[in-house]
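Protein chains in written order, with our numbering: chain A, 1 to 321; chain B, 1 to 286.
Simulated from the structure, these hints should not be mistaken for laboratory data. None of these values were measured; they are calculated from a predicted model. Don't be surprised by glycine CBs; every beta carbon is placed ideally from N, CA and C. Among the clues, some could well be false.
Claimed, not checked - Reference excerpt, derived from the structure (chain B facing chain A, CB under 8 angstroms, subset only): (1) Thr-68; (2) Ala-80; (3) Leu-82; (4) Leu-92; (5) Thr-95; (6) Glu-96; (7) Ala-103; (8) Leu-109; (9) Gly-113; (10) Ala-114; (11) Ala-133; (12) Val-235.
Claimed, not checked - Beyond 12 angstroms from chain B on every Cβ pair, some chain A residues (computed): (13) Trp-18; (14) Val-142; (15) Leu-208; (16) Val-257; (17) Leu-259; (18) Leu-305.
Stated by the list, open to error - The calculated label-pair distances, taken between Cβ atoms and stated as ranges, are: (19) A/Ala-120 - B/Pro-36: 31 to 37 angstroms; (20) A/Thr-26 - B/Arg-53: 39 to 45 angstroms; (21) B/Asp-195 - A/Ser-150: 52 to 58 angstroms; (22) B/Gly-110 - A/Leu-14: 43 to 49 angstroms.
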Amino acid sequence: MIVAISIGAVNVPLGDVWGIVLHHVTGTGTAHPDPALDQIVWNFRTPRVVLAALAGAGLAVSGAVLQTVVTNPLADPIVLGISYGATLGAVLVITLGGGAALAGLGVSAAAFLGAVAAGALVFALGQRRGRLAPTRLVLAGVAVGYAFLSATSYVQLQATPSELRTVMFWMLGSVAGAQWGQLPTVTVVVIATVTLLTLFGRRLNVLLTGDESATALGVNVNRLRAVLLLLTALLTGTVIAVAGSIGFVGLMIPHLVRLTTGADQRRLLPLTALLGAVYLVLVDLLSRTLDRPNEIPLGILTALLGAPFFLWLLRRNKALD
Amino acid sequence: MKLTVDRLHVTLDRNPILREVSLRAHKGDIVGLVGPNGSGKSTLLRTVYRSLRPADGVVRVGEDDVWTLSPRTAARRTAAVLQDGGGNTTGLTVTEIVALGRAPHHGLLGRDGAEDHRAVAAAIDRCGVRPFADRDYASLSGGERQRVLLARALAQIPQLLVLDELTNHLDIRARFELLDLIRATGITTLAVLHDLDLAARLCDHLVVLHEGTVRAAGPVLDVLTPQLLGDVFGVRARTERHADGVIRITYAADALADGDGDGDGDGDGETTAESLPSTGTAVRRI
Numbered sequence: 001m002i003v004a005i006s007i008g009a010v011n012v013p014l015g016d017v018w019g020i021v022l023h024h025v026t027g028t029g030t031a032h033p034d035p036a037l038d039q040i041v042w043n044f045r046t047p048r049v050v051l052a053a054l055a056g057a058g059l060a061v062s063g064a065v066l067q068t069v070v071t072n073p074l075a076d077p078i079v080l081g082i083s084y085g086a087t088l089g090a091v092l093v094i095t096l097g098g099g100a101a102l103a104g105l106g107v108s109a110a111a112f113l114g115a116v117a118a119g120a121l122v123f124a125l126g127q128r129r130g131r132l133a134p135t136r137l138v139l140a141g142v143a144v145g146y147a148f149l150s151a152t153s154y155v156q157l158q159a160t161p162s163e164l165r166t167v168m169f170w171m172l173g174s175v176a177g178a179q180w181g182q183l184p185t186v187t188v189v190v191i192a193t194v195t196l197l198t199l200f201g202r203r204l205n206v207l208l209t210g211d212e213s214a215t216a217l218g219v220n221v222n223r224l225r226a227v228l229l230l231l232t233a234l235l236t237g238t239v240i241a242v243a244g245s246i247g248f249v250g251l252m253i254p255h256l257v258r259l260t261t262g263a264d265q266r267r268l269l270p271l272t273a274l275l276g277a278v279y280l281v282l283v284d285l286l287s288r289t290l291d292r293p294n295e296i297p298l299g300i301l302t303a304l305l306g307a308p309f310f311l312w313l314l315r316r317n318k319a320l321d
Numbered sequence: 001m002k003l004t005v006d007r008l009h010v011t012l013d014r015n016p017i018l019r020e021v022s023l024r025a026h027k028g029d030i031v032g033l034v035g036p037n038g039s040g041k042s043t044l045l046r047t048v049y050r051s052l053r054p055a056d057g058v059v060r061v062g063e064d065d066v067w068t069l070s071p072r073t074a075a076r077r078t079a080a081v082l083q084d085g086g087g088n089t090t091g092l093t094v095t096e097i098v099a100l101g102r103a104p105h106h107g108l109l110g111r112d113g114a115e116d117h118r119a120v121a122a123a124i125d126r127c128g129v130r131p132f133a134d135r136d137y138a139s140l141s142g143g144e145r146q147r148v149l150l151a152r153a154l155a156q157i158p159q160l161l162v163l164d165e166l167t168n169h170l171d172i173r174a175r176f177e178l179l180d181l182i183r184a185t186g187i188t189t190l191a192v193l194h195d196l197d198l199a200a201r202l203c204d205h206l207v208v209l210h211e212g213t214v215r216a217a218g219p220v221l222d223v224l225t226p227q228l229l230g231d232v233f234g235v236r237a238r239t240e241r242h243a244d245g246v247i248r249i250t251y252a253a254d255a256l257a258d259g260d261g262d263g264d265g266d267g268d269g270e271t272t273a274e275s276l277p278s279t280g281t282a283v284r285r286i
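Please model the entire structure based on the sequences and the hints provided.
Spelled out as structure tokens, the structure:
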């Protein structure tokens, strides 16, 4: 992370970065002599790297859990419509809410509400005979996703060019706008939900055996699905609210971890969080450096890296044939 | 632990699936549940492992109605091996699958302790899955998988075993191995079996389900009469205890008992005639 902070439009020597971060975190040492550098490192780079790590961890763990909840290896927050719910919420505020005035908290809150609304809708539509049916959940997710997407497209037509630029940037996902003020909430939510979801690891393992077997192993399958779906909607909603809709992380990272360490969720989820964090920090680094001094939105890069992975996964996974 | 099913009614989508079903398994009994496809066998099992709530009637494991128990308490008493019970467990090793049997013994914060490791190791040894304990479940053969799932069930330390078509698609040796394993556990067992010969070999008692009701119940020889085999399964056959003590079913050459096969009589009238007489043997209805 320190390395990631040091590289950017302006390169800062590693030692200086370390000094600045240490100074701010512990209050010891001396402030950096160059206030501009201090500003860049502490107020722009550091929150952004921290946010990238949190977003990566959150999205990756959401994907891992959703794949188990709907027993579908292709599930992630986008497939289940949750991301599009967040997008609609954000885009509504950006275009109708008076743009800049409501930006910031307004956009984040709306995105969060959108995610939870989409999650709840998918949850309600995914039931059959009072039980959550995995296939129905996926289909409901896709349908809800399209509905939210078309609504988003309509709203965009009403947008002014400058609003449209904000919308585009947001839809493609980015951690460029990270501010210290946003981080406490995101940190708490990500750490709390990831911890809680990891505690559910044993039950997630049981859920892999199928609904009937899981029931016979003492798991209340319906309630477990409901709880997990709500937790992931909360997690995804929180992340997307501040970082925009970043795709493929939730799909790619859990599968990479599964390939190397197996599917035991008690190991899988913490490692997925870790790898997700590292991955998004690196991708964010690329997004800042590939086209210096311009930025490439994160979502473009994750999709660019994720799509070939997705195809490789399809070819490799015989169970999908 | 004993199992008591008392006047059970089950409806799915307003269709009655089970009507007035009662059965009893004493401690240590192996009770076979047989009947044609669609007779309600699996549905009955679902009510026992607490997956399906009956419209009326009770299922008691020990003295308690299973629906008064929490899911975890019920799962500490009853373990089930179901068809395709491996689910989508690609990526889990055999040991990890067997360890899932410890799930009902833990809450959210529970960690694996010495007792868990002992139970898992004992189940792995008992079912002979040690040689492939570290392999991915998905890479196993059908017979190996069933043994793993049985080991998972035994790791639950259950007092009632519920088995759904445990021996389906297995080669003959694997079938006999599994039957021996189950007998050796001494655990009260309710087993759905398609193969009547295997059922006759394994079970102390049989319960015959037909169109959602119990047609007959009791000791194997009393239940599998030519009359019942004809009425319920549509085959001509007779059941006898052979000199070696094993009960075997002999199917007639012209085995189909449904009318149109009747007239042909391709030379072998003897078996057919012999299996036909409908002696009203003492079949206990419950």
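Evaluation of the provided hints:
1. Given hint, B/Thr-68 at the interface with chain A, is violated; its Cβ is 15 angstroms from that chain's nearest Cβ, farther than 8 angstroms.
2. About 4 angstroms separates the beta-carbon of B/Ala-80 from the nearest beta-carbon of chain A, less than 8 angstroms, and the hint is met.
3. This hint holds: B/Leu-82 has a C-beta 5 angstroms from the nearest C-beta of chain A, less than the 8 angstroms allowed.
4. The restraint placing B/Leu-92 at the interface with chain A holds, with a minimum CB-CB distance near 5 angstroms, inside the 8 angstroms limit.
5. Interface restraint check for B/Thr-95: the shortest CB-CB distance to chain A comes to about 10 angstroms, outside 8 angstroms, so the restraint is violated.
6. Taking 8 angstroms as the C-beta contact cut-off toward chain A, the hint placing B/Glu-96 at the interface holds, the least distance being around 6 angstroms.
7. For the restraint placing B/Ala-103 at the interface with chain A, the shortest Cβ-Cβ distance is roughly 5 angstroms, inside the 8 angstroms limit, so the hint holds.
8. Taking 8 angstroms as the C-beta contact cut-off toward chain A, the hint placing B/Leu-109 at the interface holds, the least distance being around 7 angstroms.
9. Evaluation of the B/Gly-113 hint against chain A yields a violated restraint, the C-beta minimum of about 13 angstroms exceeding 8 angstroms.
10. For B/Ala-114, the interface hint is violated, the least distance from its beta-carbon to any beta-carbon of chain A being 17 angstroms, above 8 angstroms.
11. The interface hint given for B/Ala-133 is violated, since its Cβ lies 14 angstroms from the closest Cβ of chain A, which is over the 8 angstroms cut-off.
12. Evaluation of the B/Val-235 hint against chain A yields a violated restraint, the C-beta minimum of about 30 angstroms exceeding 8 angstroms.
13. For A/Trp-18, the condition that its CB be more than 12 angstroms from all CB atoms of chain B holds, with the nearest at approximately 37 angstroms.
14. With 12 angstroms as the threshold on Cβ separation, the claim that A/Val-142 sits away from chain B holds: the shortest Cβ distance comes to roughly 20 angstroms.
15. Distance check for A/Leu-208 against chain B: the nearest CB is about 5 angstroms away, which does not clear 12 angstroms, and the non-interface claim fails.
16. Annotated as non-interface, A/Val-257 brings its C-beta within 12 angstroms of a C-beta of chain B; the closest such distance is 10 angstroms.
17. Interface exclusion of A/Leu-259 from chain B breaks down, the closest Cβ pair being 8 angstroms apart, not more than 12 angstroms.
18. Separation of A/Leu-305 from chain B is adequate, the least Cβ-Cβ distance of about 23 angstroms exceeding the 12 angstroms criterion.
19. Between A/Ala-120 and B/Pro-36 the C-beta distance comes to about 44 angstroms, which lies outside the given range of 31 to 37 angstroms.
20. The supplied range of 39 to 45 angstroms is broken by A/Thr-26 and B/Arg-53, whose beta-carbon atoms lie about 59 angstroms from each other.
21. The hinted range of 52 to 58 angstroms is satisfied by B/Asp-195 and A/Ser-150, whose Cβ atoms lie roughly 55 angstroms apart.
22. Distance hint check for B/Gly-110 and A/Leu-14: the Cβ-Cβ separation is about 44 angstroms, which falls inside the suggested range of 43 to 49 angstroms.
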